[in-house]
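Generate coordinates for the entire structure from the input sequences, incorporating the hints supplied.
There are 2 protein chains.
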Amino acid sequence: MDIKFIENGSVTSPQGFKAGGVCASIKPSNTAKRDLALIYCEKPCSAAAIFTKNLVKTDAIAVTRKHLENGVAQAVIANSGNANACNADGLEKAERMCALAADALNIDENDVIVASTGVIGQPLPIEPIENNINRLAGSITADGGTNAAEAIMTTDTVKKEAAVTFELDGKTVTIGGIAKGSGMIHINMGTMLSFIATDASVSSEMLKSALLEAADVSYNMVTVDGDTSTNDTLAIMANGLAGNAEITEKNDSYKAFVAALTLLCKDLAKRLAADGEGAGKFIICSVNNAKTEKDAKGIAKTVIGSSLVKAAMFGADANCGRILCAVGYSGMDVDVKKIDVYYKSAKGPILVCKNGLGVQFSEELAKEILLENEIEITVELNDGEACAEAYGCDLTYEYVRINGDYRT
Amino acid sequence: MDIKFIENGSVTSPQGFKAGGVCASIKPSNTAKRDLALIYCEKPCSAAAIFTKNLVKTDAIAVTRKHLENGVAQAVIANSGNANACNADGLEKAERMCALAADALNIDENDVIVASTGVIGQPLPIEPIENNINRLAGSITADGGTNAAEAIMTTDTVKKEAAVTFELDGKTVTIGGIAKGSGMIHINMGTMLSFIATDASVSSEMLKSALLEAADVSYNMVTVDGDTSTNDTLAIMANGLAGNAEITEKNDSYKAFVAALTLLCKDLAKRLAADGEGAGKFIICSVNNAKTEKDAKGIAKTVIGSSLVKAAMFGADANCGRILCAVGYSGMDVDVKKIDVYYKSAKGPILVCKNGLGVQFSEELAKEILLENEIEITVELNDGEACAEAYGCDLTYEYVRINGDYRT
Chain D
1 MDIKFIENGS VTSPQGFKAG GVCASIKPSN TAKRDLALIY CEKPCSAAAI FTKNLVKTDA
61 IAVTRKHLEN GVAQAVIANS GNANACNADG LEKAERMCAL AADALNIDEN DVIVASTGVI
121 GQPLPIEPIE NNINRLAGSI TADGGTNAAE AIMTTDTVKK EAAVTFELDG KTVTIGGIAK
181 GSGMIHINMG TMLSFIATDA SVSSEMLKSA LLEAADVSYN MVTVDGDTST NDTLAIMANG
241 LAGNAEITEK NDSYKAFVAA LTLLCKDLAK RLAADGEGAG KFIICSVNNA KTEKDAKGIA
301 KTVIGSSLVK AAMFGADANC GRILCAVGYS GMDVDVKKID VYYKSAKGPI LVCKNGLGVQ
361 FSEELAKEIL LENEIEITVE LNDGEACAEA YGCDLTYEYV RINGDYRT
Chain C
1001 MDIKFIENGS VTSPQGFKAG GVCASIKPSN TAKRDLALIY CEKPCSAAAI FTKNLVKTDA
1061 IAVTRKHLEN GVAQAVIANS GNANACNADG LEKAERMCAL AADALNIDEN DVIVASTGVI
1121 GQPLPIEPIE NNINRLAGSI TADGGTNAAE AIMTTDTVKK EAAVTFELDG KTVTIGGIAK
1181 GSGMIHINMG TMLSFIATDA SVSSEMLKSA LLEAADVSYN MVTVDGDTST NDTLAIMANG
1241 LAGNAEITEK NDSYKAFVAA LTLLCKDLAK RLAADGEGAG KFIICSVNNA KTEKDAKGIA
1301 KTVIGSSLVK AAMFGADANC GRILCAVGYS GMDVDVKKID VYYKSAKGPI LVCKNGLGVQ
1361 FSEELAKEIL LENEIEITVE LNDGEACAEA YGCDLTYEYV RINGDYRT
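As they're listed, the protein sequences go chains D and C.
Residues 1 to 408 in this note's numbering are what the first sequence lists, from first letter to last.
Residues 1001 to 1408 in this note's numbering are what the second sequence lists, from first letter to last.
Bear in mind the hints are in silico, worked out from the structure with no lab data behind them.
What you were told as hints is all true, and nothing was included just to trick you.
Each computed SDA-like pair below joins lysine to any residue, with the alpha-carbon atoms no more than 20 angstroms apart:
| # | chain 1 | residue 1 | chain 2 | residue 2 |
| --- | --- | --- | --- | --- |
| 1 | D | LYS367 | C | VAL1119 |
| 2 | D | LYS367 | D | PRO349 |
| 3 | D | LYS338 | C | ASP1089 |
| 4 | C | LYS1337 | D | PRO123 |
| 5 | C | LYS1255 | C | ALA1245 |
| 6 | C | LYS1354 | D | PRO123 |
| 7 | D | LYS338 | C | ALA1088 |
| 8 | C | LYS1367 | D | GLN122 |
| 9 | D | LYS27 | C | GLU1363 |
| 10 | C | LYS1338 | D | PRO123 |
| 11 | C | LYS1337 | D | GLN122 |
| 12 | D | LYS337 | C | ALA1088 |
| 13 | D | LYS171 | D | TYR254 |
| 14 | C | LYS1367 | D | VAL119 |
| 15 | C | LYS1250 | C | THR1262 |
| 16 | D | LYS53 | C | ASP1335 |
| 17 | D | LYS337 | C | GLU1092 |
| 18 | C | LYS1294 | D | GLY331 |
| 19 | C | LYS1367 | D | ARG401 |
| 20 | D | LYS337 | C | VAL1119 |
| 21 | C | LYS1337 | D | ALA88 |
| 22 | C | LYS1337 | D | ASP89 |
| 23 | D | LYS367 | C | ILE1402 |
| 24 | D | LYS337 | D | GLN360 |
| 25 | D | LYS53 | C | ASP1333 |
| 26 | D | LYS4 | D | THR262 |
| 27 | D | LYS291 | D | VAL217 |
| 28 | C | LYS1354 | D | GLN122 |
| 29 | C | LYS1337 | D | LEU91 |
| 30 | D | LYS33 | D | THR157 |
| 31 | D | LYS53 | D | VAL119 |
| 32 | C | LYS1208 | C | LYS1255 |
| 33 | C | LYS1255 | C | SER1204 |
Interface residues of chain C toward chain D, partial, derived using beta-carbon atoms under 10 angstroms:
| # | residue |
| --- | --- |
| 34 | LYS1057 |
| 35 | ALA1085 |
| 36 | ARG1322 |
| 37 | THR1396 |
| 38 | ILE1402 |
All of these numbers come straight from a predicted model, not from anything done at the bench.
Beta carbons are placed, not taken as given, at the ideal position from N, Cα and C, and that holds for glycine.
This is the structure in structure tokens:
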């Protein structure tokens, strides 16, 4: 199957979608930045979403969940600057956001998906949204995905947007998405929001299933403990304008759709990791030849989430003990005596551990490899056939600075 | 029961123990520091130890475990500068260290406990130990615990030693200990070593049981994932010189001994947390009125281990969202709507969350409270009677610096 990335692709790349983002001054200290996003489809879409597993949740999630009970949505409204979580009036305000968007777009408020990201436990100021919703609705365009991507950023330093295209039943199908999330050093931390649009024809049930499959090997692999902020939301809308036969079961078309969606989600997930708070380097941990997929994933996540591994990558220190130690406490089923560890980058690979034991290697070459901006840590378990990849970044002074003074 | 701390107490405070520490230059770049420690008792002791749960283990643990099978030990040899882990010749060298100590002290090599801490995956140079063992054995004294405490330090900035005394059967019993461990920001990282000596008369079986009870609420509460470095070792030796009736069952004397041992271990554990790598502040998380002790402990450990909470403490940022978020992803059984959160320090307490919702508070007072060096985060669950405390520190630039370049 041939899946292609679209240059400058975004959530508005599929037919029928418009989007925009404006500065509503929700966060007083950030008055110059876009902080309110809108995504709209010219017709109701089949839709699905998955959410954080944290027990502490924003009320926006409760509202979105309710609105998606019928599997239909037509718009997304999202703000940055305030998470609307742990507030007494959170539910009321999340519903109000949907009503405002519905009014401005002349659609049913039950067809609106709502999401928020930012500081927790401080009341969301609703006036900035009331005052700017019409301007926002009037500004949406078929190439406005990029403004929406900007409006959902918090500590992100770059916008995350991408789109892929492929053929289905002789029709060209496009899937595009935007994402935000930057507190990914230790996942528990940062809200991840991602909104995906497609012109494929897919039932809401199959959309949900495809979304779970794609997230499992993409967004969920940027995290240590799964989706655990209070606000994480990954939503998808499919409007059917591509004209393919509707996907209503797990047939070959479904598989093709999942493959394309997975490629898109992996791309966005890697961008999240690379732009982790304070990140200087993008790190992939590849675990090969594990007994089971669960073991491979568990080890990849543990290694990528280890503060010691992250700090060693920051310092370009080819310490194999840090990797072995993380594998050892991952709780997964491994035979320590079979583990090989490599570091890889554009400067080549280097073996630092063989059969669970440290080996002699060129410190000079290792340093050269680890000074690159993209590093792969390969853990060969030599004990089965399952593989997994997890995505992360290094731990830097800048991460500490950002999170030492997040609210101000 | 009256348990008193002894001023300048150490592992040599109980009768019959001598200790010392010398510079053997095991780590070439650290030639000026003590790096080889010896603890000796004039007679064989009943003894017990508990170890890391990491699958990747130093061979020193295998040797110590074998030597303690009969519940008897008479000396401890420990080095810093090299963990003797993940090396092909680790077992041989750990055994050699015991033989060297036994020869120098004229005791049975099976009665020697061995431990190492430092870099993983690089062969332990044995010559420095061979060359210095006699000088070390000749230097041990009844007030040499402090030199041993110094010799086991790695990135620790202060020595950790303490001793407590209490009455048992009309006899004065003393328990003293030393500890090291500084990579405690995220526990998985730093080797924790602690050696405890007592002149109480206690069977090795009861010693093991007492040690497990004490560690469970002390050393294990400085950690996020339990004992997970490759080398963690907590060992205790009891020589019976105090003259109490031997403790061989869980009677009142056992309970008194556990209470005193727990007090000592909590004191040493707090010192480990306060001296966490790069730490600027000591943080306690107290969880009150949980449904079960498991829930209380799980939440306390999750909060204290959260990088976001740690970074917020570094920045004196009274962010209640960080605490609620950590409680929410702890995996424990909580009713979010009942949670209250306070920050406390010498400057007073401040309520930042009531019934799971953020409350208005004085940012000025909050800042003043969080700028202190000892902070307590109190999580009131209002949902039961179980309580727990966990110990940690803030996440600082210095932590990143230390771990970015650990090996050099």
